[in-house]
Amino acid sequence: GESVGLHLPTLSVQEGDNSIINCAYSNSASDYFIWYKQESGKGPQFIIDIRSNMDKRQGQRVTVLLNKTVKHLSLQIAATQPGDSAVYFCAENTGRRALTFGSGTRLQVQP
Amino acid sequence: NAGVTQTPKFQVLKTGQSMTLQCAQDMNHEYMSWYRQDPGMGLRLIHYSVGAGITDQGEVPNGYNVSRSTTEDFPLRLLSAAPSQTSVYFCASSRTSGGWGEQYFGPGTRLTVT
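Line by line, the protein sequences give chains A and B.
For the first sequence, position 41 (counting from the first letter as 1) is numbered 61 according to the numbering used here, and the numbering increases by one without interruption.
For the second sequence, position 18 (counting from the first letter as 1) is numbered 224 according to the numbering used here, and the numbering increases by one without interruption.
One or more of the hints may lead you astray.
As the list claims (entries may be wrong) - Derived, one-sided and incomplete: chain A residues facing chain B with beta-carbon distance under 8 Å:
{"no.": "1", "residue": "Phe66"}
{"no.": "2", "residue": "Phe109"}
{"no.": "3", "residue": "Phe121"}
{"no.": "4", "residue": "Gly122"}
Said to hold, decoys possible - Listing some non-contacts, in silico: residues in chain A with all C-beta distances to chain B over 10 Å:
{"no.": "5", "residue": "Asp37"}
{"no.": "6", "residue": "Arg77"}
{"no.": "7", "residue": "Val82"}
{"no.": "8", "residue": "Asn87"}
{"no.": "9", "residue": "Thr89"}
{"no.": "10", "residue": "Gly103"}
{"no.": "11", "residue": "Ser105"}
It should be emphasised that the hints constitute simulated quantities derived from the structure, not laboratory data.
Keep in mind it's a predicted model, so treat the numbers as computed, not measured.
C-beta: ideal position from N, C-alpha, C; glycine also.
Start from the sequences, fold in the hints, and give me the full structure.
Structure follows, in structure tokens:
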């Protein structure tokens with residue numbers, strides 16, 4: 021069935037290191053993917069998106085990689101900062117008029 | 207712009223009570239949606255709307271009603287609250303429909319049903 025999942029529920033990194041958050045999806049028809057950041061007590065916030073005709077997209081300190089062969093999505097955060105501590109969700113557009121969200125990965129940045 | 211606003215921020219209901227969660231956006235977005243988020247889980251789509259007068263069901267629509275009489279407002283009604291509806295509810299809007307493009311989320315409503 022259609023599903024979006026994450027490999028690691030919690031990721032702990034040292035401040036200044038690079039972080040990699042992974043996401044697996046099962047619907048090969050998905051053509052659009054988004055990463056969201058959610059801080060405690062707040063709504064999700066858009067980070068970066070990528071369409072299926074791309075395999076890499078870069079933003080400010082963030083990079084999203086898409087591997088359609090193995091249905092894998094990753095979010096790379098460079099020089100992780102304490103303010104990056106949050107729960108990160110990947111979401112996919114499966115062709116319906118909505119996004120399907122994964123269960124989230126908590127990123128903890130250690131000073 | 208205020209973005210997406212939701213009221214109330216917190217609500218406690220007794221089983222069987224009904225209530226309406228309010229959502230409004232001032233960005234003239236056509237697409238609006240309601241999600242619920244349970245502990246340790248991602249967001250699940252309840253209902254969505256691609257424009258005024260048009261609504262459709264999402265993944266978990268049972269027990270909820272919506273209407274979209276204006277572009278700005280998209281209220282979510284709980285008909286007869288049940289403990290299983292205890293959750294955090296998020297409203298979102300985006301300029302484009304179909305889940306494409308950046309969705310702006312409200313701050314959420316934390317609902318407890320006893």
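Quick rundown of the hints versus the structure:
no., hint, result
1, Phe66, "4 Å, holds"
2, Phe109, "6 Å, holds"
3, Phe121, "4 Å, holds"
4, Gly122, "5 Å, holds"
5, Asp37, "25 Å, holds"
6, Arg77, "14 Å, holds"
7, Val82, "14 Å, holds"
8, Asn87, "21 Å, holds"
9, Thr89, "23 Å, holds"
10, Gly103, "18 Å, holds"
11, Ser105, "17 Å, holds"
The structure fails none of the hints (numbered hints given earlier).
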